[in-house]
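Visitor: Sequence:
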Amino acid sequence: MTIVFILAAILMFGILIAVHEFGHFAAAKLCGVRVNEFSIGMGPAIWTRQKGETQYSLRALPIGGYCAMEGEDEDTGDERSLTRQGFWKQLIIFAAGALMNFLTGVVILLALYANVTAVNTDQIVGLAPELAQQETGLQEGDLIYKVDGYRTYLAGDAALFLQYADDTVDVEVIRDGEHVLIEDLRRQTYTAADGSSYVGFGLTVGAYAHEATLPVKLQYTWYTALDFVQLVWFSLAQLVTGGATMQDLSGPVGIVSAITEVGNDAPSAGVAWFRIFYFAALVAVNLAVMNLLPIPALDGGRIFFLLVDAVCLLLFKRKIPERYTAAVNTAGFVVLMGFMLLVTFHDVFKLVT
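As numbered in this note's numbering, residues 2 to 354 make up the sequence shown, in order.
Bear in mind the hints are in silico, worked out from the structure with no lab data behind them. A portion of the hints provided could be inaccurate.
Dumping the calculated BS3-like pairs for lysine-lysine here, alpha-carbon to alpha-carbon at most 27 Å [claimed, not checked]: (1) 30 to 52; (2) 30 to 320; (3) 90 to 52; (4) 90 to 318; (5) 147 to 218; (6) 52 to 320; (7) 90 to 30.
Estimated spans, in silico, between C-beta atoms of each pair [unchecked claim]: (8) 119 to 329: 48 to 56 Å; (9) 4 to 275: 17 to 25 Å; (10) 190 to 339: 43 to 51 Å; (11) 116 to 266: 16 to 24 Å; (12) 324 to 48: 35 to 43 Å; (13) 140 to 117: 25 to 33 Å; (14) 219 to 57: 44 to 52 Å; (15) 43 to 269: 28 to 36 Å; (16) 219 to 47: 36 to 44 Å; (17) 149 to 198: 49 to 57 Å; (18) 115 to 198: 40 to 48 Å; (19) 208 to 133: 47 to 55 Å; (20) 115 to 317: 32 to 40 Å; (21) 327 to 142: 56 to 64 Å.
Just so it is clear, the structure is predicted and the values come from calculations on it, not from any experiment. For glycine and all other residues, C-beta sits at the position ideal for the given N, C-alpha and C.
All chains should be built: construct the whole structure from the sequences, respecting the hints.
Guide: Rendered as structure tokens:
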């Protein structure tokens with residue numbers, strides 16, 4: 002089954018990137034921007050068709066696609082070019098790709114939750130004797146709502162946030178429908194149930210099962226998507242603060258490897274495909290969030306320059322010259338590709354070793 006999972010992972014990437022580009026394409030068409038070509042796949046064309054002003058292409062490599070809009074990088078003089086559109090039309094077009102990725106993730110999750118009978122969240126199922134004696138206010142049975150401000154949407158979130166927390170942490174729980182905030186819970190040595198010692202916060206976290214009625218399925222579909230968004234921001238924060246390193250990053254090769262491992266480790270084919278599609282939803286939401294970061298060459302970078310242009314027009318009655326934004330985007334693209342190559346090399350090295 003390994004080769005099947007690898008092909009599924011590659012196809013997943015291709016579909017998610019094609020969906021992203023379709024978002025730009027649909028928004029451009031709705032906003033009246035001329036689209037010169039919409040391509041599914043990259044590399045040599047194996048099928049093309051001209052319909053109206055747009056060439057539709059199917060290319061040999063199923064690793065993405067692109068939407069070539071008139072005047073995407075510079076003003077070509079065409080009134081229907083992208084650069085000649087107003088602020089709101091450009092904003093919608095730039096953001097549409099990420100929106101489509103996010104919606105794709107939500108749709109996948111909605112399909113996955115359709116047949117579940119219960120959804121799990123984090124609950125305190127045990128307290129170390131030392132913590133119980135401190136009278137912190139925590140009780141067994143408390144549902145964990147937040148850890149240091151991070152919302153614990155799903156089971157496993159609390160353990161993750163506690164693992165990367167500082168030496169003190171604030172925990173917000175729900176008890177009898179009321180929110181209770183426990184501040185400055187300290188990391189120290191505690192006694193485990195078997196008598197051994199460990200360093201932590203003295204909490205034993207378990208799963209609390211909610212019956213998956215239709216409203217609960219809809220609610221937790223949304224919560225899972227929000228959880229994926231939060232995990233991206235949490236991971237970025239850990240990279241900035243040093244809590245995570247390059248060893249924790251994965252590019253396309255690493256993700257394909259992870260999907261294959263997830264599939265092969267599953268106890269049945271049904272569980273394997275559930276996990277793979279869950280992973281696909283995670284990647285889809287990740288693509289949405291990462292693309293909206295204000296990094297040159299990404300959609301978020303274009304939106305950032307769009308906002309800067311709007312401020313410059315308001316204050317100075319002129320835009321930033323296009324040659325400057327084009328130079329920054331080009332430099333950003335080169336740096337981004339270099340970073341991706343570095344991450345890919347690291348992924349391959351991990352596979353080999």
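Visitor: Work down the list of hints and note, for each, if the structure agrees.
Guide: Results of checking the hints against the structure:
For the suggested pair residue 30 and residue 52, the alpha carbons sit about 13 Å apart, so the restraint of at most 27 Å is met. About 25 Å separates the Cα atoms of residue 30 and residue 320, which keeps this hinted pair within 27 Å; it holds. The suggested pairing of residue 90 with residue 52 holds, with an alpha-carbon distance near 23 Å, which does not exceed 27 Å. A hinted pair counts as satisfied when its Cα atoms are at most 27 Å apart, and residue 90 with residue 318 qualifies at roughly 20 Å.
A C-alpha spacing of about 21 Å is found between residue 147 and residue 218, which places the hinted pair at or below 27 Å, so the restraint holds. A distance of roughly 35 Å separates the Cα atoms of residue 52 and residue 320; the hinted pair therefore is violated under the 27 Å criterion. Between residue 90 and residue 30, the direct Cα distance comes to roughly 11 Å. Compliance with the 27 Å bound is thereby established for this hinted pair. Restraint check, residue 119 to residue 329: a C-beta distance of roughly 50 Å satisfies the suggested window 48 to 56 Å.
Under the hint 17 to 25 Å, the C-beta atoms of residue 4 and residue 275, about 20 Å apart, fit the expected range. Separated by about 45 Å at the C-beta atoms, residue 190 and residue 339 satisfy the suggested range of 43 to 51 Å. Here the CB-CB span from residue 116 to residue 266 is close to 21 Å, well matched to the stated 16 to 24 Å. Checked against the hint of 35 to 43 Å, the C-beta distance between residue 324 and residue 48 comes to roughly 37 Å, which is consistent with it.
At roughly 29 Å, the beta carbons of residue 140 and residue 117 sit within the given window of 25 to 33 Å. Range check, residue 219 to residue 57: about 36 Å between beta-carbon atoms, so the 44 to 52 Å window is missed. For residue 43 and residue 269, the hinted distance range of 28 to 36 Å is satisfied, since their beta carbons lie about 35 Å from each other. Against the hinted window of 36 to 44 Å, the Cβ-Cβ separation of residue 219 and residue 47 comes to about 41 Å, which satisfies the hint.
Look at residue 149 against residue 198: about 24 Å separates their beta carbons, and that is not inside 49 to 57 Å. Hint check: residue 115 to residue 198, Cβ distance near 45 Å, so the stated range 40 to 48 Å holds. At roughly 21 Å, the beta-carbon separation of residue 208 and residue 133 lies outside the given 47 to 55 Å, and the hint is violated. Checked against the hint of 32 to 40 Å, the C-beta distance between residue 115 and residue 317 comes to roughly 54 Å, which is inconsistent with it.
Evaluation of the 56 to 64 Å hint for residue 327 and residue 142 yields a pass: the beta carbon distance comes to about 59 Å.
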